[in-house]
Each structure stands twice: as structure tokens, then as C-alpha cells.
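Student: Here's the letter readout for the chains.
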Amino acid sequence: MSAVIDNHAPAHGHDSHDHGDHHGAPHGLMRWVTTTNHKDIGTMYLWFSFIMFLVGGVMALTIRAELFEPGLQIVSPEFFNTMTTYHGLIMVFGAIMPAFVGFANWLIPLMIGAPDMAFPRMNNWSFWLLPPAGILLMSSFLLPGGAAGVGWTMYAPLTSQMGPGMDTTIFAVHLLGMSSIMGSINIITTILNMRAPGMTMMKMPMFVWTWLITAYLLIAVMPVLAGAVTMTLTDRHFGTSFFNAAGGGDPVLYQHIFWFFGHPEVYIIAIPAFGVVSQVIPAFSRKPLFGYASMVYATSSIAILSFIVWAHHMYTVGMPVAGQLYFMYATMLIAVPTGVKVFNWVATMWKGSLTFETPMLFALGFLFLFTLGGFTGLVLSLVPVDVQLQDTYYVVAHFHYVMVAGALFSAFAGVYFWFPKWTGKMYDEKLGKIHFWLTLVFFNMIFFVQHFLGLAGMPRRIPDYNPQFTEFNQISTIGAFGFGLSQLLFLYILLKAIKSGKPAEQKQWDGADTLEWTHLPTPMPYHTFENPPTVK
Amino acid sequence: MIKKFGASIGSALLALHAGSAAAALQLNLTPGVTVGSHVAYDLHNLMMWIIVVIFVAVFAVMFWSVYAHRKSMGHKAANFHENTTVELLWTIVPIIILIFMAWPATKGLLMVRDTSNPDMTIKVTGYQWKWGYDYIKGEGEGISFLSQLSTPQDQIYGKEPKGEHYLLETDNHLVVPVGKKIRVLTTAADVIHSWFVPAFAVKQDAIPGFVRDTWFRAEKEGEYRGQCAELCGKDHGFMPIVVDVVSAEKYSAWVAEKKKEMAAAQDDPNKKWELAEMKARGEKVYAANCVACHQANGQGIKGSFPALDGSKMVTGPAEAHIDRVLNGKPGTAMAAFGKQLSDTDIAAAITYERNSWSNKTGNVVQPSDVKAARK
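The listed protein sequences correspond, in order, to chains Z and G.
Residue 49 in the working numbering sits at position 49 of the first sequence, with consecutive numbering throughout.
Residue 209 in the working numbering sits at position 209 of the second sequence, with consecutive numbering throughout.
Treat the hints with care, since some could be wrong.
Looking from chain Z toward chain G, a few residues come up when the C-beta cut is under 7 angstroms (computed) [stated by the list, open to error]: (1) G71; (2) V75; (3) Q161; (4) R286; (5) M319; (6) M332; (7) K351; (8) T355; (9) V385; (10) Q388; (11) F452; (12) P463.
To be clear, the hints were calculated from the coordinates, so they are not data collected in a lab.
Just so you know, these numbers come straight off a predicted model, no measurement behind them.
Beta carbons: idealized from backbone N, C-alpha and C, even for Gly.
With the hints as extra help, turn the sequences into a complete structure.
Tutor: Shown next, in the form of C-alpha cells:
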């Protein structure tokens, strides 16, 4: 590939089929600043996302601590609003999305037999936009008036009442969007152009397929979000009235634009998670993925449908009944391809030869709880029911089942699954399993009871509540602190494994069958597949 | 703090253990007292049954696999990886189930969205952070009042025990007759709010600059409570809704009394007020409308809401001050109170601000000054 012009690239032309470990990684801080190596960049993405996960987690704990009992005890209402806002922004844009881009960086070149990403320098820049964006986002808290308490959805015209913290947030969103778009261009180009001979599209591992589809979604909708926040910015400072009724605009227009981004965003998060699970379940079932072709079609259908259902987030804005009916039917339709995926995963396990190491446990946790989140999504798709549940804790429970039990569990599965390959070290299996069970139990403690709060009518984004909601909020808060502490165990497991883990085998999981397991030694050399493998 | 927190956790666990923490924890939607709430309740129950059946079926298969197809049980992996019949089946069957769900949902939706032929129409206006009610058609036409949280601050900050209706009580209740179709128009003055009463299954966004509608016909007399459901800034959690559904006779009596009250509250616009009485009245207006942001001590909240104590605006020329209160400051939470309050109330609040804390202007702003500024 002529696109790979790398400062560190070795002289070409040697004819051996070795894996290029004749020169290893550079040393020192500058290695990380200037690196164009997909493995280094993948590692940085993953660590960045983990740090943001902890930051967003502390915000979540602040929210839960305030909600432990009725009355205002810990924070003021306006600070509470900033916590819900930045918890959402940080978890979506800072934690979950970068985590899966990290997986993409690490795994796509390995899985398709490419030496690196198509645009290694752009890859470096995609990553290095993130830390400034994160700092800019957090700097909102230091500005006069504090950070913006508008919710992660940043609805107009509340945004026009905020201080300069709103502007730094908007610029941070711009940077994050640029990073995502560049990352996506890189991923699409790599997948379409750099596959090893014989690696046809329909032979690609499912994870690669899911990222190809996700990257297209990102390119389609990140500019839409950028447009929405830019209009907010000009409404705030340059006298425009896109969302200001007094100037001829419409606040609801903002919601349409935001959710045209926001609904595909849900799948930008979920689809790579599907990809990880589609690698893990077959590996531990020792059986090929059931219905590979239908998986590809189902994932593509979900992606396409995700563009035409956005207004189901807006059933209560007062749209015509015909609009509500259309969005209801379109939304219900998503259950079909999603169901196909769930059935395929279960069929993959059927008559397999199953073992339950940590990655498999997290994948099963994903399967079980993500499906539950899908079902509550179906409940919410029905307009008459949604009118009762919109903007209540039921919605909070629903999307955390999809985002946490879905995406986060899948990310944990992926980290445990590929950790031995990436580092050459094995994590402590027993601790991994403890981490899984703690995470599973505390997760349900936090969010299962929130369904009941929503059904009883407790609105979301409120810092204080009537005593009738006390019991479930207390269970939820206790669960949240347990969940948070369990993630410190995860950090300990990783650090312990890096420091003193046992050496891992080349094919640590005997059911794993993608190129990184079959063709590459453990630990992996710094550069891999300089000469492409041939896939039969 | 931490000690208190720990103690609370302990008592919560104890309460849970005792199983008698509350009379009854609500686990399902309220059946409510309107057609809309019955539709939502029945539909939700139907959905739950369908979901439970599918969930049990799918995960029975998965857990059977987990149990029987384990490597540790010596199970050898089969090698099948597709089956067109099965795959078609599990695409088509869900579609049929979805149609089965969509049918009652569609029927219910068409019924609950029909706002035609109301007996009464009430306009609901969302303000930061209270509700305004205007009876614009039907019995009680012309009645108009504001309604806001009546829970004392001391309860919120834990200085006194919390009442049963903590955060769900208001100074003025919306009163409607039982069995009458009430059309509700929603709008807002500042940001988007949402008027949400679970027992009526009514949740309608109130959007500044636009009017939306919804309706309810309450089948049973009683007090029904709800809250704002759309994040609307600082006190989003503190703008409840209380609706009294009463018999036709009681309603007529309420209308008569309310009208008398409103007539009595009419101020003589030409009256010349003295400083002391204006200030006394202004203190009440301030406490109801200004205190949430500018605080009782006039110090505001640093960075978010400006201090009035010693402010240039408040101690400078009265005209600018009147203009700011009447028309608000676009792009901030400072509302245009000209739409909400009478000339006398605005004059009183301004007089209070100009003569309280360290502000000693000695000005008495008269209702006629405000009226002149309105033009």
C-alpha cells in the first residue's frame, strides 16, 4: 500500500515472511506523541476512554449521592444539572466511542491482514484531538457561571441562557466530531483497500463489518451534530434565530436536527459492540458464527433504519398524529433485524462446546441485558405508552441497559478477550470473573429499579423528589457505588496482568479463528503483516 | 456528611429488610382516571406479557445451551452455521407479533389524540419555574392565575420534616369539573417545559412561541399531581402541578369565588403609593418571583445570577430598571415579567429592590410609571 509512508518504516524489499520485529517500538514520551502505529494509537484510545469513564463515573456517583434521599444535601440544583449534562457527554463522546475506535485501531489491520491503517498520520491526529477536547470540555467548570446545565441533548432555547461554559462545550463537540470523522475515513479506506489477498468482503470477521457500517454512520451524522451546535453558537452570539421563536425560528427544529444525529449515534455505539460479541461468542462456543450473511444484512438494516426513526425521541413535542404513527411503525421495525442478531447469537451457542471465561461471561451478560434494553425500547416505541414514560426514569433505565449492559459489557468482553494478544500477558481469570459478577449484580441494582421509578412517574434530571420514590432511589444509589468500586478492581486486574501476568499463548482461546490469533505470534511484534498473508 | 450518609444507608437497608418502608411501592403505570391513561396502562400490560413470553422462550434456549452444551460436560461442537428456513422463520414471526402490537397502539393513539369538541379550554403557560393557567373558554372563562411550588425551603434543606406531598404541592391548584372534556393548550414564556400529570396520561411539551394542545376528561373527583417533565434550568425539579377535579356544583362555586377574589385584587391604577406599603407588597412579589435566582439577600448566585444589592441597574435610573423587569434580558434566565405580573406588582417589586439591603434610593415606583413604560 503506497499510503503507508511512515517515518519509522523499515527499508522495503526484504523477501522474508517474518513479521517485522527487526525493529521494535521507539522509547519515551515522544513515542506516544508522534506514533503512527495503529497498535500504539489503539492503546492510547483505550486508556483515554478508561480515564474518561472514571471521570464520567464520578459525575454519575455525584448524581446518585444527591438522589440518595429526598431533599438537597450535597449539591445545588444548577450544579446537579451540570453533572447530568457532562456525565452524558463524557460517557458518550469520551468513553464509549473512543473505546470502540481503540478496538478498531488495534484489530482492523490485524483482522484483514493489513500492515497498518490507511492514513497513519491522520490516525495520530484523530487521537490527539481527543485530549484537548476533553480538557476543553472540563474547563467549562472553571468558567464564570460554571458548566452548562442543559442535558447532554443541549436543547434550545435553554442553551441560550448559559454562560461561556456552553461555548467551550460546543467547541469540544466540534473537536470530538472532527476526530470521529477522520477516524471513520481511515477505517473505511483501510477496510476497502487494504485487505489481504483472498480476504473478500464476505470473509471479513464480523467485527470488521460492524465497523465498516459504523464508520459510514459516523460520517453521515457527525456533521449534522456539528451543524446543530454551530447554530446554537450563532444563536447565542451572532444574532441568528434558528431556534428562537421571537426571531422566526423554532426550538423544535433543534430537536429534529439533534435526533437526526442522536438516533444513529445510538447505533454508532451499539454496532461495534455487536461486532465484539460476534467474535467472542463463536470463539467460546467453538463453532462458527451462525448466519454470518444474515448478520451482515441485519446490521446494515439497523443502520439504515436508524436514520428514519429519530422523532420517536420527540413524541411529546406535539407533532401531527400521522407523524407519530409513522415514527412508531418505523421504530418497531428495528426490532426485526435486532431480533435476528439475538437469535443468531443464541443459535451460535446451540450445540457448541461452551466454556465460560471472563470474555464469554461479559458477552452473555451483554446478550441477556441488551435484549432487555431492546424490549423496553419496544415498549417506548408505542406512542400512548411513551407519553407516560417520556423523560422519566424508565427512559434512563432503558438507555443504560443499552449503553452500559450493551456497549460497556461488550467493551469489557473485548478487553479481556484481546488483552492476552495485545500485551502477551494473561490476566487473572478468577479476578476477571469476580469483576464480571460484581458488575452484573450492581448494574442491575442501579438500573432495574429505575424502571419502577419511571412507571410511577418520577421525571429524569431532577435533583430532588417526593418521598414516595425514596426506596428505589436508595437501592439505585447503593448499586451505583458498588458498580463504581468494581471498576477499580478492573483497573487492578489490568495493571496486575501488565506487571506480572503469565505469558499468553499465541492462540490463547482455542476457538478463536481470526488472523491475529492464527497468523501472529504472542507477544506481537511492533509491526505486523508487512507482507500480507494469503487468506483461503 | 459521610457519617450521615452511612447512617442513611444503614437505615435504608433496615427499612428494606423490614419490607414495610412504604405503604405500597408503585411497580406499574398508574391506571389513571382518563381514557388516555387506561389506554397506556392496558397497552403496557399487554406489552409486558408479550415481552415476558418471548424473553423466557429465547433465554430458555440460551440457558439450556449454557447447561447442556458445555465443554466440561464433554459436549463436542457441531459445525452448522446457517439454516435458511429457521432464519426466515425468525424474521417473519416477529413481524407478525409487531403487527399484533401496532394494532391496539394505533387504535388507542387515534382516540387519545382527538382534541375536538372540548367542554372547556385552558391555556397552560410554562415559566421558569412556575405554571400560568388561563381559562379561555367554557365556564370560568377569564380566570387567570399563577401556580408554583408551596413546599417550604426548610423542608428541602432538611430543617423540618418533609410532608406527604413534598415537592408535589402548589399555592394555587388548577381546578376543573369532573367528566368534562378539558382541552389544554400549552405554551411557554422562556424555555421548553412539559406539562405532565400521570393520572391523566397527559404529557405535552410547552414550547415558547408555539401553542400545542392535548386534552383529558377526568372520570373521578380527586387531587392529581404531576411535575414539569422537560429540563428547564435550575428549578426544573421544583415546578409541580396539582389539579383538583371537583363536581360540577363545586366547580361553579369555585368559579364564583375565584372571580370575586380576582375583582377584589384589582388595584386602582391611579393610586399613589407610599414607600412603606409599596415595599411591604414588593417583598411578597419578590419572594414569589425573584428570590429563586437573585436570592433573599439580593446577592444572586455568583457567575449565574447577578446580585441586586448594590447593582448599578437597581441603584441607577428607575426607567432602565423598569424596562429590564418588564421586558427581561434576552439570552438569559431574566424573564419578561410584563407578561406575568400586574403594573402594581411590578412597581412594588422594583420599589422593594431599590430600597432593600444596602440599596437606599428612596424611590417609590408607581403603577402609573410601569404603565407608561409598557406603552
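Student: For every hint, state whether the structure bears it out.
Tutor: Checked hints:
1. G71: 5 angstroms, holds
2. V75: 12 angstroms, violated
3. Q161: Hint holds; Q161 of chain Z Cβ to chain G Cβ min 5 angstroms, cut 7 angstroms.
4. R286: Because about 4 angstroms separates R286 of chain Z from the closest Cβ in chain G, which is inside the 7 angstroms limit, the hint holds.
5. M319: 9 angstroms, violated
6. M332: With a minimum Cβ separation of about 5 angstroms from chain G (threshold 7 angstroms), the hint on M332 of chain Z holds.
7. K351: 4 angstroms, holds
8. T355: 5 angstroms, holds
9. V385: 5 angstroms, holds
10. Q388: Constraint on Q388 of chain Z satisfied, holds at 5 angstroms.
11. F452: Holds, because the Cβ-Cβ distance from F452 of chain Z to chain G comes to roughly 5 angstroms (cut-off 7 angstroms).
12. P463: 5 angstroms, holds
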